[in-house]
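Construct the complete structure from the given sequences, taking the supplied hints into account.
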Amino acid sequence: MRVLCLDVGAKRIGVAVSDPLDITAQGVETIWSKGAKNDQSRILELCQQYETDRILIGLPKNMDGSEGFQAQHIREFAAELAQLGLNVRFQDERLTTQSATRVLLEGNVRREKRKDVVDKLAACYILQSFLDFGGWPDDRNDNLPNIRGVWRMNEDQEMNMQPDDVVELIDEDGKEVRFEHLMTLEHKGSNYICLVPLDPMEDVGEDELVILKIETDEDGNDTYVSVDDDEELDDVFEAYLEIAEADEDEE
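Just so you know, the sequence shown maps onto residues 1 to 251 in this note's numbering.
Check each hint, because a few of them may be wrong.
[Stated by the list, open to error] Restricting the straight-line Cα-Cα distance to at most 30 Å, the calculated cross-link-like pairs of lysine-lysine (BS3-like) are:
hint: 1; residue 1: K37; residue 2: K11
hint: 2; residue 1: K11; residue 2: K34
hint: 3; residue 1: K213; residue 2: K175
hint: 4; residue 1: K188; residue 2: K213
To be clear, the hints were calculated from the coordinates, so they are not data collected in a lab.
Structure follows, in structure tokens:
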């Protein structure tokens with residue numbers, strides 16, 4: 001699904017869109033603001049035109065990473081779009097407008113013409129940066145294979161796993177598969193384990209994330225059960241991303 005990118009300013013909104021393969025960013029138009037309702041209406045029309053509900057919005061930050069008044073205004077604007085049913089995400093847009101302006105100046109674009117295209121070009125910069133760093137990482141059907149059945153820990157391994165441990169789980173047929181343990185987390189009263197398979201598995205690609213729910217069997221032993229509910233799987237994946245991103249920020 002394409003991604004529609006917005007560079008939101010006080011008077012204008014630059015718009016760009018990804019190509020159908022989400023590889024390159026293409027400029028669409030500049031929306032001259034005529035009030036929130038009119039702006040939202042035009043954005044919905046563009047979403048319908050490009051058959052997407054994915055909105056990427058440039059979030060202006062200070063050079064030290066803090067957010068000011070304009071960032072707060074954009075977050076409020078994004079919240080209104082989300083209420084309309086759009087899926088909204090943010091991308092750091094520091095210096096993108098300056099970069100776009102510099103390109104136009106080097107191209108000898110007249111001042112009055114620059115106003116019509118600078119925001120659209122800035123939206124292209126924001127979107128292309130987003131695509132270059134992996135794009136919209138939310139295609140869970142591809143990234144979260146649903147492993148069926150119940151798995152048990154290899155009896156030779158300790159239960160108190162730590163990050164970067166390699167663990168062996170045994171499926172219902174007694175087959176052993178090695179995983180890299182990424183995280184064990186608690187979410188809404190249940191515990192889950194996040195893994196990456198190290199051995200080849202049918203229907204599971206290399207480096208794909210696997211999430212299993214931790215339950216207790218009749219003998220009081222931990223078992224690892226596949227998550228069949230897509231909504232539950234999505235919720236846990238979001239919790240995993242939040243923790244992983246917080247850990248990266250601390251580093």
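Against the earlier hints, flag every one the structure doesn't satisfy and list their numbers going up. Structure breaks no hint.
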